[in-house]
Amino acid sequence: MSPQLSADLLDLEPFNAGNLTARPFGLVGTKCGGCGYVTYPSRLFCPKCRQAGVDITQVMLSPAGRVHSFAVVRQAPEGTPVPYVLAQVDLEDGCRVLAQCVPAEGGQLNINDPVELVPAEFRSRSNEAVLGYKFRTVREESA
Amino acid sequence: MTINPAHVAGAGMIRFGKFPASTTLEGMAAAASRQALSDAGAEVRDIEAIYTGHVFGGPVAGQRIAVHLGLDGRPVTNVENYCASGATAIREAWIALAAGLHDIVLVIGVEKMTDRVFGGVKPDPGDLDAAVGLVMAAGHAMSARRYMADHGATREQIAAVAVKNHAHSVHNPYAQYQHAITLEDVLSARPIADPLGLLDCSPISDGAAAMVLCNANGLRKLGLAASSAPRILGCGLVSGSLQVGTDDLNAEDVSRRAAEAAWEMSGIGPEDIDFVEMHDCFTIAEIVRLEGLGLIPVGQGGQWTQDGWTGIGGRLPVNPSGGLLSRGHPVGATGVAQACELTWQLRGTAGGRQIESARIGLAYCKGGTVSGTDGGSVTTLVMSQ
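Order-wise, the sequence lines are chains E and B. Taking my numbering, the leading residue of the first sequence gets 1, the next gets one more, and so forth. Taking my numbering, the leading residue of the second sequence gets 1, the next gets one more, and so forth.
Please note that a few of the clues may not be correct.
As the list claims (entries may be wrong) - Example chain B residues on the side facing chain E (calculated, C-beta under 7 Å, incomplete): (1) I3; (2) G119; (3) D124; (4) P125; (5) A130; (6) I192; (7) D194.
It is worth saying that the hints were derived from the structure and are not from the lab. Ideal Cβ positions, reconstructed from N, Cα and C, are used throughout, including at glycine.
Okay, chain B solo, but in the shape it has when bound (with noise of 0.2 Å):
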């Protein structure tokens, strides 16, 4: 089942960060839009649709951010499934270019959390896991202290994501955060939920990416080369099943069936990633998520992390953009800012954090939990130069 790719005509995003109310969800979206359009080449009425993914950004999000471009009138999908919005707004772009629907679209990834979101996320009120009282660092905190148990791996070694990640993005001029942290400051960080702090979890950030992505005809209509335009081979995207009896809680079965979604239909295999931008919404989640992708053997990602293979130059580059802890995770945003990241190391302009013989790339995205599942949607985003 492998239907034809897109194309990345262009790619734009705005510094994440935490702005005040005066910084928008429509002008951020604008802002990013527009540099998205610049970078192809392309006019506003070059784009035939828009697909915006967001979560808290309120109804028609994505028509009042068209309104701000002079999209109006245009077919717009607003997409919602939780941190996987962003790419899964991707994947439905993917779809309608390659059925012919349209030929040039706007994808964008868009929240505002900082004035709406205060001391975490958590599952939707009708949810079991919210009565009970979940926050999603709780669950991995779960996660991590099962996984420490079952594998001997260490809090160091656990902590060694954000030393990584944060590493990465001192050369990514749109991370929330540019600059180094020690193993020391993460082990001393506040506790949210323990065996987690501070730096073990992403932010809650503003911010904007979009790409604008087309199909052969769009490629022609722009005037550009194949050969300068990533592909997006496909995109999986399964949810969570609900878990029967008392198995590892890192069992992880939802990325390996994400995974095989990812490799049939872009008859890629998991030896042919060069990269990987991972959804680390926590550190202990880069891991376990590796590893249910069959990138890296079950119980050894903390050693890896901690021998520097997960880092660039590494034996698998993973987060070279500094991943969700770093760059910041504006929900919505994240799956578009992963796949811009993945544009810029498959072109070769990444600057300081360029992967050398970045030729195929993967992107990973979870989003939210439903009470008794391994997770809510899982996203997984193949790219090729």
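Isolated chain E, as found in the complex (with noise of 0.2 Å):
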């Protein structure tokens, strides 16, 4: 992706507001002052330990994860241009995230690949083009 297509992705409205900001970009979620589990998208109660009276606040998501498991998607409804690969990624804050993904100059993905998270453009359903996110492969450093 060029930075200019990114800074141009990055002046559109995130589709789900609160969750998702632009500048820094990244995922938004939700952090347990009770147990201390991270959940994506934001919940104003936490999934694990469900105590009431915790504090949650709102924290920035790891932009990195790893392919639980993938698959290519080749058959959608229609206006859904195929194909494309969907992805559950393991982030490095302990929580699943589903989204698209795209496999490092057109190479293969594999389970347990390294991700990152990128702006991507989503469409509203109003039809309009807004900011999403998906993931793309990483090269893992050599020792």
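Take the two lone chains and join them into the complex the hints point to.
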């Protein structure tokens, strides 16, 4: 993705306000003041400990994660261009996020591949361009 | 927590398929209902209330159907739980019968899909998963890929589910597909969501199924013997729960909880189940859901299928009807069609697909997805002779 395109995308309204920010770009989740569990999207309660009366605070999530599983979608309802790759990604924060995933430089995706979150164009329900997100694979640093 | 069983006085359905616009939702539902009434030896005037499961039928579909049947004026309950809508309608009817609110009711599952659903079903547009492009096939493709990686299962073992269920439906006159397919057919079919292809997916179908259910009073009114009317011992209903952390995608906790609900309310245990009608909306789903219910050890479902243990005559026959893959999947009708199959198997009238010594059966439906959870709705219907 060119820096220019990325900048244009970041000027769009996030598709799910409160759970995605443009600058800095990233997902926003919530962290439980009781058990420390981090979840996405933001929730008013902790889905892990379910304690009443604990502090729930918003946190920026790490953009880094690994592929738990993925599918190459080749047929979708009308209006959705195919093919695309959908992946369940386990973020470093310990929660799982579903999103489209682009293998780097047209390569093959594999379970456990390291990926990072990057901006993407989504369509709102009224078909306007909005800021969304997807993953793309990153090269692992060689030792 | 065991409440009184309901009895199946009559069951009826139309052959599932892809029908022209002139074959309407109301017409299909009425045809299946008349068969169920006839099977029960009941008249329209005997029906006290109607429970209708559908997803795409539009507002007050059950009332439109009731008017077709001359059942106008009766209480109608429309039930939407996506692919578990029909089964949830059965559950609501069972509860009303056990409570004594009604003695004889009509349950209908119906869907007209082929003129309004194209390219597959997906979550509601208001759900986060829809925004990122989830289609049902992709969810199951991710399940299949992970299952193979975790358990050493092969693509062929997963494909064997479709081969087995198509072999069963050769003997089911109500099935959309009544021909056998080969493993090679499944493996070489057009890809839909890799690693799954067209024959790993249940079709988009039209169809209807109906049942006349009653309580002990209703049996007397209809002059039926309890021994001739299979019993609904209970129907578990659970919803997906928010998943915490990064556990196995195929943990199937929702199926485990649905099984527990069924065992608790029916007094039946997994060891008592003689056969299963399983919601095989996709091949892999049959495997992981049987494992989630505790009917097959985790990780062995692929091997069981390959070895024929889930076929008619096997250790645990699954989907003698052909399942969703082969009977077809008009989503709101499926749960009632499964219950019709349980009825015919328990009566011993299932013809070429009859399971020997079918005394107790389980039907499982799973409907919809909600972002962050392990499912929308799951039902577990337990029936006995």
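Against the structure, the hints:
1. I3: violated (29 Å)
2. G119: holds (4 Å)
3. D124: violated (11 Å)
4. P125: Constraint on P125 (chain B) satisfied, holds at 6 Å.
5. A130: violated (10 Å)
6. I192: With Cβ-Cβ at 5 Å, under 7 Å, it holds.
7. D194: Check passed: Cβ of D194 (chain B) comes within 4 Å of chain E, closer than 7 Å.
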